[in-house]
Amino acid sequence: MRRFLESDFLYDFLRAPVAIVSFCVVSILVLSAIFAQFIAPTNPFDPASLELMNGFTPPLEPNMYTGEVFLLGTDDQGRDLFSAILYGLRISLFVGLMAVSLAMTMGVILGLIAGYVGGWLDNLIMRLADIQMTFPSILIAMLIFGVARGLLPPELRYEMAITVLIISIGLSEWVPFARTVRGSTMVEKEKEYIAAAQLIGLKKWQIMIRHILPNVLGPVLVIATITFALAIIAEATLSFLGVGAPRTEPSLGTLIRVGQDFLFSGEWWILLFPALTLLALALAVNLLGDWLRDTLNPRLK
Amino acid sequence: MLVIIFRRLGQSVLVLFLVALISFLIFRYVGNPVDNLMGQEATLAQRAALEEALGLNDPFYKQYFSFVWNALNFDFGNSYRGALPVSDLIASRLPATIELALTSAIFALFFGVITGIYTAIRRGGYLANIILSTSLIGVSLPTFLIGVLLIWLFAVELKWLPSFGRGDVVQLGWWSTGFLTLSGIKSLILPSITLGLYQLTLIMRLTRSEMLEVMRQDYVRFAKALGLSSKQVNYKHALPNTLVPVVTIAGLQLGSIVAFAIVTETVFQWPGVGLLFINAVYFVDIPVMSAYLLLVGVLFVIINLFVDLLYLAIDPRLRDSNSSE
Amino acid sequence: MFHKILLTTAAIAASTVTVSAETIRWARAGDAITMDPHAQNEGPTHGMNHQIYDSLLQRDMSGNIIPSLALSWAALADNPNVWRFNLRQGVSYHDGAAFDSEDVVFSLNRAMADGSEMKELLSSIKDIRAVDAHTVDIETNGANPLLVNNLTNMFMMDKDWSTANDVLTPHDVAKGETNFATMNTNGTGAFMLVSRSVDEKTVLTSNPNYWGKDIYPNQVTDIIYTPIQSAATRVAALLSGEVDIIQDVPVQDLGRVSGTDGLNVATAAQNRVIFFGLDTVEGPTSNLKVRQAMNIAINRDAIKKIVMREQSDPTGVIMPPFVNGWTEALNQYPDYDIDAAKGLMADAGFANGFDITLNCPNDRYINDEGICQAAVGMMARIGINVTLDAKPKAQHFPIAKGGEAPFYMLGWGVPTFDSHYIFNYLVHTQTDKRGSWNPTGYSNADVDAMIVSLESETDLAARDATIAKIWSAVQDAQMYLPIHNQVLNWGMKNNIDFDVQPEDTPHFQFLKFK
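Chains A, B and C, in that order, are what the protein sequence lines are.
Here the first sequence is numbered in our numbering, starting from 1 and rising by one per residue.
Here the second sequence is numbered in our numbering, starting from 302 and rising by one per residue.
Here the third sequence is numbered in our numbering, starting from 627 and rising by one per residue.
Simulated from the structure, these hints should not be mistaken for lab results.
Incorrect hints may appear among the rest.
Derived pair list, reagent style DSBU-like, types lysine-lysine, alpha-carbon separation capped at 30 Å [unchecked claim]:
(1) C:K1017 <-> C:K827
(2) C:K1119 <-> B:K460
(3) B:K487 <-> C:K827
(4) B:K460 <-> C:K827
Some chain B residues judged to face chain C by a derived CB distance under 8 Å, without partners named [said to hold, decoys possible]:
(5) L454
(6) G552
(7) F584
(8) F607
(9) L610
With beta-carbon atoms standing in for the labels, derived distance ranges [said to hold, decoys possible]:
(10) B:A354 <-> C:V907: 26 to 34 Å
(11) A:W120 <-> C:S821: 30 to 38 Å
(12) C:A1099 <-> A:Q37: 48 to 56 Å
(13) A:L217 <-> B:L611: 47 to 55 Å
(14) A:S101 <-> B:D469: 44 to 52 Å
(15) B:L483 <-> A:G183: 44 to 52 Å
(16) C:A972 <-> A:Q37: 25 to 33 Å
(17) B:T482 <-> A:F35: 55 to 63 Å
(18) B:F480 <-> A:S101: 44 to 52 Å
(19) B:D469 <-> A:F35: 55 to 63 Å
(20) C:K839 <-> B:N371: 48 to 56 Å
(21) C:D1058 <-> B:L553: 26 to 34 Å
Here a beta-carbon is modelled for each residue, glycine too, at the ideal position from N, C-alpha and C.
Build the full structure now, drawing on both the sequences and the hints.
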């Protein structure tokens, strides 16, 4: 049964050029982020290696003071952009992945409970979701960031920047998971096999995890993909609002925020390359999500 | 039925109290407003006096309750920075944000539905696929970058459209509108596109999938089998059924548009409540921040409540299942 | 569909409203906080009020003190504690009322009242007396040779108008008060307030009865002021021709602005110095050798070239050249010398470096965060592992001022153009009256005594000698690492002939069209 589904899945995949290309783009970006320290010529996070005089070097042109040449040029601090993008990509991917995992875990658990147990728990969870929706993601993130900033000691605050990003984006995106899972669960639990499982005496959590969960995973996967793209963009937006990754260890979003300052001044590469990387990543993930949704929803075939 | 409505209303009030608590609690601890207010020359004694005057030394619950009580009377105190009553500030800024939010919502709804229908009807078509793919660019770049790029292209390079502000506004009572002047309308274009692009993509995809879903329904197939032209079937039968959920979602998104206006308003120097809020964050202007959060909260709660009650009225099944709890 | 949109937008663009050549559309990053002239002591607020109100004397576009509502002033020969001001005659307010000595007495007393942010500048005043309708005496506690320097932003209001509108005292912005003068004005200045929407737009029109009509060019008939916070948007507005003059052009966009047809950049040194402060009491920075090592590890030339794009004047002292007490020798900054710095670190027992946090604002000074970032790299080279914590100014200043930060950035402007202002805030031991911006822990009783003595020293030569002594003590202690003096850049249409004012305050009556 599973084998069959997989081969069917593979068959569909191989017949969708958009999906193949997207998958390749994502794979390349993910791999180069993972192996950044082997690919990147410099470590952009090591301040001692930065030479300020290398600042604003255009791509593939020798720097006018130091004579050094950089593949994609350098930013305003003399940081090699190619290396910075690889390391920044790693942060963005990490933030996205962890944020989605957090949102998914929370959303699925709360959704299962709300849908299966129902009653006041359902009511409580859904009202919580309402409150959550009251504050859209960027507001949530700004709030959490503000609190963390106020409460943590300065040294920790800096280390926590990435963690806070993950928590704030993750916390603000659990609702779609919960709503979807709750809906599917409510439909599933009326089905006869669940009644049968209840008759055998299986515990509630066993039924939820073993029988209901596998049946709602499809839509969860689709939401996860889209949320992943959303999280990467949210990270960039937050750094624009001044609550993102620090400039000394820039994420992709921070690089773009810094780069847009040089849009009018002719140093186009500082914005263009990070922006293109982000665009390629988010677009490919979104296209994959699209394809997944169409493939996993047999009714649309 | 009445019981459900009351219960729902009660829940909304509870939610609002929580929202008030969060908005108050969090920003109370972000920073110290005193340093902004005193300037460089203040002495320690002056600072202590100011902290006392602002009520910053009162116990927490006291500060919270006075906040809620005043909020109920539309009294959010005075902005630490502008020295104007916060309610006046928000009232003067709200029209700008609402006009921007409405324009971009209408823009998103209009183009979203049109392209959504097109891509559904021409499913798998060449142009439809291009529209679908390129629309994803809109959600694959951060809003601020799209805004800056639009300014660069249409204001700096082409000089067609203004890069900032609302243009000339006309005062209608306390409401200031940009809809009545040419420069006002021109100024709306770039920010509306920036703000609406994300929603446009969302609505387009929703319309498309709803449309595809409806077109699969038996009655539509039936109508086609009866020999009605596909145009007639698509527009007379499939479309109306598609639009109900689409418009609902678009309505629910209105609140989120207002929230995301923070970014757009910052980029375009749009004098709305979002810009007011972000400035308040930078200046640690607590009364303005709390009032804004409460405003957004109320807006969401009202929209949610409205949609819920509407569903209750439309769908009798929901009514039954709820009352039998 | 897309075609149609393009056509519509093109049609709209074609009918752009033309504004008469005498209207100046002016933009800068922030708005005035209030129109009450005594309620705030802050740049953009004074910048706006200077168009509407006049002070007894003012700084011209080069920073020199020139007569305004007072024609002449001098300390009385028989009593150095009294300054006598002869007022200009025939001056009227925007509402037609005449300006006289009563208004001066009223306004200065108002500026010393509770709620005023200007009162510290007038703290030496004992009494203000109207001698006759156009003569005023100001008596100080002990002689104050520099009193006039403190009066350049002290605006004159009409006593009768203030009485009629119940604005006898300034509103206390800090306490959230407002009054009629917050949004309404009645000055003697070159421009009158037409309309104002806070943070959005302020419109001024020229005063037909302005006393300076024949003295200054007065070519501007209307001013439309718009604050635009986002630097990119502000530059875009200038590039697209939507505004005529912007005050803060980001350094990276100077080339683009001056290279654009029809636009110019005017440049001048600003009366503001940027530096780092260090904790002298606790931690590794309490060691003088460490502070000296850090000082020579900073590559000021590279910061100027790359971060500031040549738009700064590196310096070795925390004092702009405008200030009395400045010398070429003090201004000389040390050579960037990593080896010597490493040697000093080793001597101090920190051969392996240490960890420290650098607190930095990110929206206050020109490229503040960029400078701090560069400093992080430079410190890393001598083994100091710096964590950068950059925040908006409202969150930075409490930390920088409170002594919590062992390493922080600060900028200092000197409105009185005298060293005493710097010493009193940055060098004197931190007490509740003085040294409020000296969280470094530096405390020297001799220096404190010398600082206080400056306030009543009438022998200017002796006073300057004391100033030099204090500076040499400051340089020896090295609790501050000077970086540079800021350079102002105003971008404007090239039909405008306008000097950049060192306090960053335009006086539009001086503006000429080419």
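For this session: May I ask you to test the hint 48 to 56 Å on the CB atoms belonging to K839 (chain C) and N371 (chain B)?
Result: holds, 50 Å
For this session: Against chain C, run the beta carbon of L454 (chain B) and see if the smallest gap drops under 8 Å.
Result: violated, 11 Å
Exercise. Honestly, do A972 (chain C) and Q37 (chain A) meet the 25 to 33 Å range at C-beta?
Worked result: Roughly 31 Å apart at Cβ, these two residues keep to the hinted range, so it holds.
For this session: Verify the proposed pairing of K1017 (chain C) with K827 (chain C), using a straight-line Cα cut of 30 Å.
Result: Holds, at about 28 Å.
Exercise. Does the alpha-carbon distance linking K460 (chain B) and K827 (chain C) stay inside the 30 Å limit?
Worked result: The given pair, whose Cα atoms are some 22 Å apart, holds under the 30 Å limit.
Exercise. Range hint 55 to 63 Å: satisfied by the CB atoms of D469 (chain B) and F35 (chain A)?
Worked result: The hinted range 55 to 63 Å holds for D469 (chain B) and F35 (chain A), with Cβ atoms some 56 Å apart.
Exercise. Can the restraint linking K1119 (chain C) and K460 (chain B) be considered satisfied, given a maximum Cα separation of 30 Å?
Worked result: holds, 16 Å
Exercise. Taking the closest Cβ pair, is G552 (chain B) under 8 Å from chain C?
Worked result: violated, 25 Å
Exercise. Lying within 47 to 55 Å: is that true of the beta-carbon distance L217 (chain A) to L611 (chain B)?
Worked result: violated, 32 Å
For this session: For F480 (chain B) and S101 (chain A), compare the CB-CB distance with the range 44 to 52 Å and indicate the outcome.
Result: At roughly 46 Å between Cβ atoms, S101 (chain A) and F480 (chain B) fall inside 44 to 52 Å, so the hint holds.
For this session: For the hint on F607 (chain B), just tell me whether its beta-carbon gets within less than 8 Å of chain C.
Result: violated, 31 Å
Problem set entry | Outcome of range test on Cβ distance (T482 (chain B), F35 (chain A); 55 to 63 Å) | For T482 (chain B) and F35 (chain A) the Cβ distance comes to about 57 Å; the hint holds.
Checked against the numbered hints above, the structure violates hints 5, 6, 8, 9, 11, 13, 21; every other hint is satisfied.
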